[in-house]
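As you go down the protein sequences, you meet chains V and G in turn. This note's numbering applies: residue 1 is where the first sequence begins, and numbers increase by one. This note's numbering applies: residue 747 is where the second sequence begins, and numbers increase by one.
The set of hints was computed from the structure by calculation and includes no laboratory data. Keep in mind it's a predicted model, so treat the numbers as computed, not measured. Ideal Cβ placement from N, Cα and C applies to all residues, glycine included.
Only some residues are given here: those of chain V computed to face chain G with a beta carbon under 8 Å: (1) Met89; (2) Pro218; (3) Arg219; (4) Val226; (5) Glu227; (6) Lys229; (7) Glu657; (8) Val660; (9) Asn685; (10) Val689; (11) Val698.
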Amino acid sequence: MRPDIQGFLVAERKRQAQELASTLGRLEIDRRQFLKGTAIAAGGLFIGVSLPMSSLAASSDKATEFNPNAFIHLQENGDLLIYCGRCEMGQGISTALPSVVADEMEADWSRVRVEQAEGDQDKYGSQATGGSASIRTMYEPMRQAGASAREMLVAAAAKVWNTSPQNCYAKQHYVYHNENNNKLSYGELVAIAANMPVPESPSLKNKEDFEYIGKSLPRHDVGMVVEGKRIYGADVKVPGMQYAAIVHCPVMGGTLKSVDKTEALKVSGVTAVVEVAPLKVPFGSLGGVAVVANNSWSAQQGVQKLKVEWDKGEHGSYDTDVYMKQLVENVQKPAEKIAERGDLQSAFDRAKHKVSATYTEGHLVHAPMEPNASVVSVHDNHCEVWASTQSPDDIQSVLSGFLGMDKKSIKVNVMICGGAFGRKFKCDYVQEAAAISKAVGTPIQLTWTREEDTKTGYYHSNSAQYIEASLDEEGNVSGWLHRIAFPSINTLFDPSIQFAPANAVSEIENHPFGIANLRSESGLAPAHTRIGWYRAVYAIFWGLGYGVFADELAEKAGVDTLTMLNRIYDANTNPEQEEQVRRSKAVLALAAEKSGFGKSLPEGEGLGIAVHYSFQSYVAMAVHVRMKGDDFEVVRVDTALDCGQVLNKDGAAAQQEGAVAMGISLSKYCEITFKEGAVVNGNFNDYPVMRINDMPDVHTHFIESDAAPTGLGEPGMAPFAPALINAIYQASGKRYRSLPIQPQRT
Amino acid sequence: MSKTITINNKSYDIDVPEDMPLLWFLRDRLEFTGTKFGCGKALCGACTVHVDGQATRSCVMPVGALAGRSITTIEGLSDNADHPLQKAWLEVGVPQCGYCQAGQIMNAASLLATNASPSEKEIETAMQGNICRCGTYQRIKQAINIAADELAKEV
Ligand code: FES
Ligand code: FES
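One chain only, chain G, in its complex shape (with noise of 0.2 Å):
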């Protein structure tokens, strides 16, 4: 029986060679191409996604190594485009070009989920693996702020 990996809630096979990096199973063999190439090496952060619930960089990770686990990607991030930082994203204007943006909210969720309320200097450190050519970066802060204190009003 081949192995299978859940991603976004859905079970798949893993029907390719097993040392393929999550990434290109995600965008060129299932098409999901919210998740970006962007150096290939763990530098910038592009590729991120969630294996269960932890950032991840996928353009380094083997699929066959997450038989089992489960992937979450921007895809599937929220039902709706309503997770408070896909919201705040929005409220701030955050992207430019917008390429880079899916691994930063992919890293930036994973933060929040840890630390709820993330210091500027937590921010700086949790997100320091995410590059942005356009220089996003005074936006993505100001988001991941305004995300975090609307998670603590949900609380």
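Isolated chain V (complex conformation) (with noise of 0.2 Å):
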């Protein structure tokens, strides 16, 4: 390879930055105290964030740990350099963050360089990122860390022109005098800065007065996209690096009976056959023979030439059909109580209507563009990692158990994940490029099929709930008993778990509808896969239910859906769900407007609403359908959004686009599922996925808000599906209660 002095110069000054930050993460400091700048010889001005807020609050006065979650270098020549910890898989989070930092330091944009961190969860905090949290967690942090550097140089600059720093302001990288022109660069001003006191508590800025919290920044990093010079795990390349391909044990659970190697070994390009045995850990690998070569094709290739037989074990009969009926039937019969609150019986006994429905909904796979896929380089001591992932720590703690290593001495690096949806959380893919790494002892590129992508993965519980309510004499709900048997997410972590625990039917006793009568059971449903986190994860069919049964009972009542959801809002008296009701309420109202609801349609459309509350955001989606023949098209989509201040309205209402496509494709087409304990369905002819052509408009309304940011990669997901569902039942008639509306079955 050619010398790369430019590389070697980046490489060096981020050495440096690691270097200092592991110093900062030894700092013993006070606890109130979680800015820490300073200079290093030949580096500028460092500042590192602690993490989370809510341990600073905690009134324990012991010293703590300096833990900088995020690290902002202004350089020498005043660029400046924002290390971003949270994993980006196309959220737009390492923008989003970023900008919130470049806001209140008055950093200009366009010299701003965004870097991802590597997995280090001492340095960084936690770097797991899903559950919608980065924003939630990381605002205000972002903003004391950019204020506190925006002090720091109008210090600096007070104190070249001998004044106050009340008589200066920064903007754009520049701080200026206030009585005369005079002004001076971040740049020149950065090494004096350096050396000044990190304020305790900075001053922020005023919402009127943000940048680019609020905005549209375009993404950091779209102009690599557009050359095709974004590195994912899946083109990362290290020297004397080898290829592989996997199969896999297609039931969770079994075990290889026996491989013939020998016409794999044949193939060109091939260069070993390696077993790996199945890591019964979460996050494990299933168990697979990987077949090693110079390039991936060959290695793909002598898979195919594999001859392996499995003993399927305990799960070998799992048949997802007859499993929901089996949910179907256990919803529909007495189950585990959960939650109970009020009179449910004496409110049953006094109805005037009672209305019940079971709603259904099969497994999911996640299926991303990019296959899983990371680099592994096993050492005798260590181990190097290049890995698209949402979550570097749990890769150092399942290696660490796997090598016998330390987790310090597993270097994670990560790479943006081409897409994940809650995949990426999981590393057995990069356990099984260790193992394989390891046998080898080469650097190895495992790269999965799209076949084991999908056969092969943690899919989102398949589920069925029963709801049955009562109206009274004024068409208000007056009981609500909520049953409902998924295999939980739980079971990855205790498979012995036989019913969705009291944690993850929590939703029912929770939801802000409040009902006052009413009981929650959880049915039985063991786990004969693996069980995963899916973008919105359970939100999905809390979605489905509490949308989708709405409008039944709207029409039972005689009323339209809006009218119902208001008429349940308001008996809620709880004082703690006031909030919840009020911006339920706010979004509702907002996505009727905007869609016109109520309007007249014409013949064969409809215009359904549902509203859901998830990951502390609001959405309300109105969906407008038009029916052909038994087919359908959804013809525009006005999602209204209360996520507290916004901090990049572009990349939130490309979110809420990537909900109502991931929305689309769930309730029309996509289910795994099981026979004979094995996955049938491969690649996207048989796992149909959205198309263009199913594309409609997304038209994203916000409600403007002071309160807290919240995430929004997920909660665009479950008021969809119900949405449609309302919508097709007003343009046809025709009332669906499982999803996917049309499944293809192979």
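Join these two chains into a complex; the hints should help.
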């Protein structure tokens, strides 16, 4: 390889920054102080942020480790480097969070470069990226960090001009003197600023002065994307690397009976066949046989030539059709009580009307466009990983156990995920690459084929739920019985779990409907495959149940859905849910207004509405459909959201468009089917997902809010399917209660 | 003499088994990783490149069959990332994860080369083979329209 001076300098700068970071990481500091700035000889100004905020507020007065979660590095030439600790998978977090820093810091965005931080929980705090939590937890600390840097720069300028900081202000990478027109650039000030004390409580900007927050700043990395230069886990190349492909045991808990490697080893380019043992820890490999070659294609050809026999084990007869019938039975009879309040029996006894319905949904697989991929290089005492991942810390934990190494000896380079949707939280594919690298002694890039990605994933729970409710004389909902059965994610950690436990079913007692007389029950639902988080997780089926049932109640009460929903919210007298009720109603009203809900529509068209509160954000959707015989077309979607202060409007809208697209996929087509223990689907031919011709016009509307910002990667998912189903009902009189609506069976 | 193939105006020897799909010759032999693997079965469009200007799924195209042909990948679509589609993509902010986008852009470029002002239906038909799991379709349509307008101005 040619010596790369530029690359060396970048690496050197990074090394310095990391060295400093780890020094900072060891500093014992006072709890109240969570910002730390310092200069290093040839570096500039560094600021680290410690998280979580809540631990700072805790009352204990014991000193704590200083755990900087993000780094701002103002370089000597004035360029600003911001490390993003959270993982990027297309949700735009590596733009959203740095833009908050830059805004408070009065930085010129064109001088900002964003770098993905490597995996180091001690330095960066939790980097596990899921639950739409990044913005929720990091907004304030990011602002504080930016504001501190700004105040230090202002103080530096004041020192130069021999005046008070009150006489100076910062704007777009310069500090100005209030009285004369003097100005100094951040580059000129950095060395002095680095020696200023870090402000204890820097003053934050007023909302009206935001330069980037709440606007539509373009993503920092789209330029690289349109040139094909963004490097994903599947694109990493390291010296001496070989390529691998794998076939897994198709059934959870199954084992390898026999493998004949002869033909595989004859494939040109193939160098080895490696048996990968199942690793019985959460996120460990299912077990499989891998083929190693000097290119991915030969490795894939080799896998096809393997003759493998599996012992399927105890889940070898899993059949989703049979299982679903059982789930439905289990919710149509009394099940394990989870929560109860009021007097459901007497509400039911006095009912004017009773309404009941059962809703079901099948398994889903994430199917990100980039299949699972990573490069792992295992050495005697250390290991280096380059992975598309949502959780570098889990990689370190799993590999630490598997390789018998300290977590610190496992370096994780976090690559952008080519889509993840919850899948890349689980690092079985990385552990497999480690197993293969260990066996053959070279770095290994393991890329799963689409078929393996589909057949041996972690699946969204299939579910059945039964809701029975009473309406009183005035048409108010007086009682609510809600039974649900689904194999929960808890089974990943404890396979003996037979019922979704209380924490997985708490949605029912906590739902903002707040029905006074209520009972929730959980039905028998053991897991026969690996269950995992899928974008929006359980909110998908909660949204389905609540959203469609509200429509069915409305019909019984002789009112429209919007009226029914408002009636239910208005009857909620729980003071703790006052805010949830208010904000839910507001997004509903906005979606209704923008879509013209209630307007008369041509024959064969319908407008459905639904609202859901999840991951602390509120989203209502109005879906307009046009029937085409038995099929339908989604014409337009109006989505109204309240996520508190919006960080990036364009990014928020993109997440809504994405949620609608994924919503159409799962409402219309997507379903993973198991027969004899194994997944039947394999690729996009028999696991069809939505394509461009199905894309409606999505209009995103925001509630202007000063509330703390909340995430948006997932909350748009839940209201889509019920709004769609309600629209189809209005258009055609056909009531769907199962997802997907048009199952594609092979 | 070994067979050669032209990629982004440069000639390369085809020094791999002839039945290796172009995708893997690009990605693993030449290390042009802009062209992506999504399905390997011509179902998703992530691997789209141009063969003599025509959008082609490189994951099912044996490299040996392309001797003497001229291939363009996302890396060679324009000199300075200034193809009207690339500019429109930035203007609209199309990409989310970005993984499918090289395929989308290459497919759209081939569409515009044969139909400079496609209708909405024509765009949908031409782009149907390209999956985007992040759901950027609405913006893809918008960006293609902007690029088409831009091209109309250039003529
Ligand atoms: S990878 Fe070629 S079409 Fe999907
Ligand atoms: S942008 Fe992620 S798959 Fe298209």
